[in-house]
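Read top to bottom, the protein sequences are chains A and B. So that you can map any letter, position 146 of the first sequence is 146 in our numbering, and since no number is skipped, the others follow by simple counting. So that you can map any letter, position 318 of the second sequence is 318 in our numbering, and since no number is skipped, the others follow by simple counting.
Think of the hints as simulated: they come from the structure by calculation, not from any bench. C-beta atoms are modelled at their ideal positions from N, C-alpha and C, and glycine is treated no differently. Where hints are given, some of them may not hold.
Unchecked claim - Partner residues are not named here, just some residues of chain A that face chain B (Cβ under 7 angstroms, in silico):
id : residue
1  : N51
2  : S61
3  : G68
4  : V71
5  : D73
6  : M74
7  : D76
8  : N77
9  : A80
10 : R83
11 : F94
12 : P109
13 : N194
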Amino acid sequence: MPLIRIRDLTRHYVMGSETVHALRGVSLDIEKGEYLAIMGPSGSGKSTLMNLLGCLDTPNSGTYELNGTNVADMDDNALAEVRNREIGFVFQSFNLLARSDSLHNVELPLVYAGVSMEERLERARQALANVGLAERMHHRPNELSGGQRQRVAVARALVNNPSIVLADEPTGNLDSRTGEEILGLFEQLSRRGNTIIVVTHEEHVAQHARRIIRIRDGLIAADEIKPRPRSAVVPIAPIA
Amino acid sequence: MKPRIPLGTELREALGMAFHAIGAHKLRSALTLLGILIGVFSIILVATAIQALQRNIEREMAQLGSHTFQIQRFPAIHVEDDDETIDQYLRRKRFYLDTARQLEQRATLARHVGVVAEVDRGEAASDYGKTPPTVSLRGMSAPAFETRSLVVEEGRALAESDEEASRPVAVLGADLAKKLFPFGSALGQTILFKGMRFSVVGVLQPKGSLFGSSQDSFIAVPITWVLRRYGRETPLSIQVQAPSQEAFPDVMEQTRGVLRQLRKTPPGAPDDFEIVSNDSLITQFRTITLAVRAGAGIISSIALVAAGIGIMNIMLVSVTERTREIGIRRAIGAKKRNIMTQFVLEAVVLSEIGGLLGVVLGIAVGNVVPILLKVPAVLPWDWALIGLGVCSLVGVVFGTYPAWKAANLDPIESLRYE
Ligand SMILES: Nc1ncnc2c1ncn2[C@@H]1O[C@H](COP(=O)(O)OP(=O)(O)OP(=O)(O)O)[C@@H](O)[C@H]1O
Ligand SMILES: [Mg+2]
């Protein structure tokens, strides 16, 4: 049984008289532990697919089974729990709390997971250190550079040890060295059996994955499996 | 296997964010909680003032001995001051010493029946000193020392024999004794009051002051002497002391019956006299202040409802402004319930800040009354707690709809909100 099984997933947006078809029927199986890259031109529906996979959005038609459970059958609380415990989401637009510092932003998923204060702070600090931001714990998003914000978003996604990491252009704002470090973190997680799904425009980022899916106009255009992915440099600090 | 968020963790997060949000919009929050502040302030102010007045009455009643009531022509507190009712009181028969004597004989359940007549006010003098003309002359029967709970410090109280012989002897209040005889004992000395001479046989223990004037500045002389000098029409008050608190109602009933007989009150007619006890005074005071308290209650309620609507409005604005924040929280695992808690708590915090300020200000301003009355400051903590409770309620009631709106926002829509 695949970890993720989607069938004929569609998602369209009605804009007045016009309908935008973001996904036109996507079917896909993803096994546990896979490292997958999603590529495609701008506007092809990558983020839309990620939102569906992350249990944030609901499709107009088609089915999505996560771990054998039909997501459509889950109630709001169950979905919240899945988002909190199973999925680490790195948003394309970071989505950090503007009024909170990095530490609190990273700590937040643990708050909703009911983790004790000391453990929360401990784990949030470690997650920030893992992305090289130990010195920026008490900066707010508007006091950070774009790349630093992106790394806070990555730290927040990884802090809860999610079994599935969904990263929408996680290295888009990073120089190649920092980007490689983030990818190294993903690789480490992947080696430990976690499932990684990364959206990217950059061919060299996709090369880290073992499988590349290309999307065009809301449809899967190609699905390649590579025998040997490129390895990333060792991360700054090992994951705790 | 559904680990729930410990309440403390959730509350701490929600409270932290509430203070954060309120702090981020100080002026807006201040204006919103002003309404709450006014509502709570007015009720606490009134409660404080009334409690101070009540303290004052209680202290005044401490003049009476334990389980003692007083019989008089006029009610102790009356609000109707139209001529007709006052006339009605004035037409009531007076009390005479004889009434008290007969009452003493017939009210068998009573322990003491005392008679007091405040007859005059003026200057008192001795060989050593002189007072301002504020000293009162009081005719007292011997048992009145018990019923008025006056305790002799030095010498003796007035005795039956003084009364029978209507001797010009006097017992002095503590203050007066000190003023007239600053250097030594007053006993055996002579004092002068409006040309009358008394020899001092006793000095009383101090009782403190009431309404800012000393309660110890009087001369007590035999009631018979006073009546002879000032005439038997002199108004008297009679105090009756019961042997115990349990016997109090029976003594009161018996006294009432005896008095009606003595005054030939027709059966079925209301009493043509007033019985004043500590309890009846407090009850009466409560009835009179009920209107004031009800008025303050209504004003407060209106203010609080208006303030509640203000809170709701500001919370709705806040929810809209923070749509994105809500989306983020939902995306990383907050349940609807968590969002609900956060926003309701924010409304409660807002309301409680106003409430606390209102309580503090209300108590502070209300305590002007006890300062004027020279009674100790009062702290109506029961009202304060009720006030704060109501504030929480206002926060919950008016915060629930905005919070519900926040909790039911679509996560993905909220994330896209600019
Ligand atoms: N909320 C929305 N309302 C209307 N149209 C939308 C909405 N979200 C996405 N779309 C449309 O759906 C299409 C797919 O959008 P999507 O964000 O998935 O693209 P993408 O592949 O992530 O692009 P990019 O690489 O630029 O991030 C686009 O044409 C976009 O305009
Ligand atoms: Mg996108």
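Exercise. Should the hint that R83(A) touches chain B count as held when the rule is a Cβ pair under 7 angstroms?
Worked result: Hint on R83(A): holds, closest Cβ of chain B at ~5 angstroms, below 7 angstroms.
Exercise. Once the shortest beta carbon distance from N77(A) to chain B is found, is it less than 7 angstroms?
Worked result: 5 angstroms, holds
Problem set entry | Restraint satisfaction for V71(A) [CB to CB of chain B, less than 7 angstroms] | Violated - the Cβ of V71(A) stays beyond 7 angstroms from chain B, reaching only about 14 angstroms at its closest.
Problem set entry | Restraint outcome when A80(A) is required to lie within 7 angstroms of chain B by C-beta distance | 4 angstroms, holds
Exercise. Measuring from the C-beta of M74(A) to each C-beta in chain B, is the shortest one below 7 angstroms?
Worked result: It is violated, given that the least Cβ distance between M74(A) and chain B is near 13 angstroms, above 7 angstroms.
Problem set entry | Hinted contact N194(A) with chain B - closest CB pair below 7 angstroms | 17 angstroms, violated
Exercise. Against chain B, with CB atoms and a cut of 7 angstroms, does the hint on D73(A) hold up?
Worked result: 17 angstroms, violated
Problem set entry | Interface hint for P109(A), Cβ within 7 angstroms of any Cβ on chain B | 5 angstroms, holds
Exercise. Would the stated hint for N51(A) survive a check requiring a Cβ distance to chain B of less than 7 angstroms?
Worked result: 6 angstroms, holds
Exercise. Is the hint on S61(A) kept, meaning its closest Cβ partner in chain B is under 7 angstroms away?
Worked result: 17 angstroms, violated
Problem set entry | Interface hint outcome for G68(A) [beta carbon to chain B under 7 angstroms] | Violated - the Cβ of G68(A) stays beyond 7 angstroms from chain B, reaching only about 17 angstroms at its closest.
Problem set entry | Hint check, F94(A) versus chain B [nearest Cβ-Cβ separation less than 7 angstroms] | Violated: closest Cβ of chain B sits about 10 angstroms from F94(A), beyond 7 angstroms.
Comparing the model with each earlier hint shows violations of hints 2, 3, 4, 5, 6, 11, 13; every other hint is respected.
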